[in-house]
Structure formats: structure tokens, C-alpha cells
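Chemist: The task is simple: from the sequences and hints, build the whole structure.
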Amino acid sequence: MADSMKTDALPFPILLGDIGGTNARFSVLADAKAEATPFVSVKTADYPTIDEAIRQVVLEGSSLKPRSAILAVAGPIDGHEIDLTNCDWVVRPKKMISDLGFDDVLVVNDFEAQALAASELGPDHRETLGPEGEPHMASRVVLGPGTGLGVAGLVHARDMWFPVPGEGGHVDVGPRSDRDFAIFPHLKRIEGRVSAEEILSGRGLVNIYRAICAADGAEPTLKDPADVTAAGLNGSNEQAVETLSLFSTYLGRVAGDMALIFMARGGVYLAGGISQKILAALKKPEFRAAFQDKAPHTELLATIPTFVVTHPQAALAGLASFARRPSAYGVSMDERRWKR
0 MADSMKTDAL PFPILLGDIG GTNARFSVLA DAKAEATPFV SVKTADYPTI DEAIRQVVLE
60 GSSLKPRSAI LAVAGPIDGH EIDLTNCDWV VRPKKMISDL GFDDVLVVND FEAQALAASE
120 LGPDHRETLG PEGEPHMASR VVLGPGTGLG VAGLVHARDM WFPVPGEGGH VDVGPRSDRD
180 FAIFPHLKRI EGRVSAEEIL SGRGLVNIYR AICAADGAEP TLKDPADVTA AGLNGSNEQA
240 VETLSLFSTY LGRVAGDMAL IFMARGGVYL AGGISQKILA ALKKPEFRAA FQDKAPHTEL
300 LATIPTFVVT HPQAALAGLA SFARRPSAYG VSMDERRWKR
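Numbering that gives the first Met the number 0 puts the last residue of the sequence shown at 339; the count rises by one with no breaks.
Please note: incorrect hints may appear among the correct ones.
SDA-like, lysine to any residue: derived pairs with alpha carbons at most 25 angstroms apart [claimed, not checked]:
| id | residue 1 | residue 2 |
| --- | --- | --- |
| 1 | Lys338 | Asn108 |
| 2 | Lys338 | Pro174 |
| 3 | Lys42 | Asp98 |
| 4 | Lys293 | Thr127 |
| 5 | Lys276 | Ser244 |
| 6 | Lys64 | Asn85 |
| 7 | Lys32 | Met332 |
Read the hints as simulated data drawn from the structure, not as lab findings.
Modeler: Pasting the structure below:
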């Protein structure tokens with residue numbers, strides 16, 4: 000039963016949903032050959048429940064009525080009631096089937112959807128960091144610095160793609176250079192350790208900036224990630240400029256670690272909102288130099304391409320790819336799929 004569920008197609012039309020803490024994005028895929036309808040984005044705070052959002056935005060707002068749904072959610076999938084990490088919505092697939100008329104509901108992790116997208120992202124939807132070249136048909140890694148730091152693998156085996164969600168954003172990060180050793184004592188810690196997410200996220204930008212100011216004996220004047228990013232890119236604040244440089248370096252180190260763990264010869268993909276915003280900084284030498292600086296495997300890392308994902312809705316694109324060709328993906332549906 001479990002094996003048969005892994006490649007069993009969902010009935011079309013299919014509602015695709017990327018459900019985050021702040022925004023929810025929906026699209027509908029009519030059939031395997033169709034383009035998905037233009038996505039609709041709503042604020043989760045504007046609707047009391049996900050069911051009400053789907054009812055008003057999709058069921059009442061479109062003539063194309065979905066029979067099934069694939070939802071990527073920012074939160075653990077651990078039962079029949081799925082709590083989102085950063086908003087009050089609760090996903091209840093059984094209730095969606097009984098109240099909204101779906102025949103079939105599949106729920107996956109949000110970064111699992113990002114990993115699915117990495118299987119098919121072409122040159123039009125990615126920006127190369129470092130050497131140019133078409134990625135191999137081989138395992139890949141997605142990192143997404145944003146509100147937090149999402150990490151997922153995409154393993155290629157048996158002519159299939161297997162997304163591997165995890166919590167790689169919470170690995171330890173330590174100092175290497177003399178400058179690191181001056182700054183790290185001032186970084187915010189969680190129970191004594193510096194987590195990657197605490198420096199490679201929106202709050203991480205502010206964390207690095209404040210640590211640099213403390214090390215330099217300077218008064219921090221920038222309050223939020225947008226301010227630090229803007230000042231770093233336009234060169235108006237010395238500490239903010241160094242913040243983006245160190246952010247790029249630390250992201251390169253963690254990305255290189257993940258590339259080694261997954262042997263990601265197919266490339267490392269930087270998703271999330273921050274990567275696109277600081278593309279100019281990531282294109283400087285620091286990111287790629289830190290990514291490759293993995294002796295004794297420097298030469299190996301030099302052959303692995305790195306990209307910034309520029310697709311406006313990569314998660315929905317990943318869900319659509321899976322919906323069209325579920326047999327091409329090893330997506331386990333055990334305890335994540337509900338049918339009428």
C-alpha cells in the first residue's frame with residue numbers, strides 16, 4: 000500500500016498551495032500539460048482559517064474547481080492537524096475533504112517543495128555564482144536564508160528525484176579567521192552555540208551587524224535587516240558593508256558543507272528572499288571562495304555549480320513539476336496524504 004501511494008497521481012485539477020507564516024500563495028493546475036493559473040497571494044492574517052482562504056480565493060474566485068490539493072507548509076507534518084510555525088492557521092486535510100469537496104489532499108514541507116523545484120530550474124530562473132555551466136543530472140542542495148534558514152537535499156537515484164527535508168539550518172557555525180574570532184564573542188547564541196540560522200537569516204544580518212559594531216566599539220544605528228542590506232549594498236555604512244561580506248562568507252561555508260554532505264554534483268541552489276536581494280554581494284568573490292575552501296576537497300568543490308534561484312514562485316513550480324510527473328519523484332506519501 001505504501002509503495003503504491005508514492006507514485007499514485009492526484010486527480011486534476013489540482014490546487015497548489017505554498018503556505019508560509021505571513022503569506023499564502025495559490026495556483027491551480029488543470030492537467031498535466033497545462034500551465035498553472037497565475038498565482039494568487041493572500042496575507043494569512045486576513046483570513047481566520049486556511050479553509051476560508053481557499054473557499055473565498057480559489058473556490059469562489061475561479062471557474063476551475065480543483066478536485067485535489069498539494070500544500071507545502073512551513074511547519075512539521077505530524078498528524079491530522081498540522082500547525083503552521085509562524086501563524087495561527089491549522090491545516091486539517093480531513094476537514095478540507097468533507098467541507099471543501101476535495102477528493103485528495105497531500106501535504107509536504109515547504110522546503111521539500113523548493114527542492115522539487117531545483118530538479119527543473121533552467122537558466123531563465125537562476126543566476127550563476129562562480130563558473131558557468133549546466134548542472135549535472137545529479138544530487139542537489141537548496142538553502143534558503145529568509146525568516147530562518149531552510150535546507151533540503153534532492154537526491155538523484157534510480158532515475159528519480161528524492162527530496163530530503165531536514166533541519167540543516169540549525170547546524171553549528173564556528174570562527175576561522177582572526178576577524179571571526181574578534182566578532183564571534185559578540186554574536187547571539189542559543190544555549191551557548193552559534194547556530195547557522197542565527198547568522199544566515201534576516202535576524203542573522205542584524206546579529207552580524209551588531210557583533211561587528213561591538214567588536215569595533217561603534218554604536219549600531221541600523222535597526223532591521225532591510226536597513227542593514229540597503230546600507231551594505233550602497234556602501235553608506237562601513238559595518239553594514241562588512242556584514243554583507245561576512246554573511247556571504249558564512250553562507251558559502253555552510254553551502255559548501257551541505258554540498259559535501261549530499262555530494263551535490265548537480266549544484267547548490269540559494270532560495271529565499273534574502274539571496275535575491277543581496278545578489279550583488281553574493282556575486283563578489285567571498286561566497287564562492289568560502290564555498291570552495293574545503294581542503295582536502297577544494298578541487299571537488301570547484302566543480303560544483305552554485306546558483307541563486309530567481310523564479311518568482313519556486314515552491315509552486317516545484318509542486319507543479321511533481322503534480323505533472325509524480326512517477327519521476329520519490330515523494331513518500333505515508334501519513335501525509337488523505338483521500339475521500
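Chemist: Against this structure, judge whether each hint is valid.
Modeler: Going down the list of hints, with the structure as the test:
The straight-line distance between the Cα atoms of Lys338 and Asn108 is roughly 19 angstroms, inside the 25 angstroms bound, and the hint therefore holds. Between the alpha carbons of Lys338 and Pro174 the distance comes to roughly 50 angstroms, so the proposed pair goes past 25 angstroms and is violated. For the given pair, Lys42 sits about 22 angstroms from Asp98 by alpha-carbon distance, which is consistent with the 25 angstroms threshold. For the given pair, Lys293 sits about 20 angstroms from Thr127 by alpha-carbon distance, which is consistent with the 25 angstroms threshold.
Restraint check for Lys276 and Ser244: the C-alpha separation of about 14 angstroms stays at or below 25 angstroms, so the hint holds. Between Lys64 and Asn85 the alpha-carbon distance is near 29 angstroms, which puts this suggested pair outside the 25 angstroms criterion. For a cut-off of 25 angstroms, the pair hint linking Lys32 to Met332 stands: about 23 angstroms separates their Cα positions.
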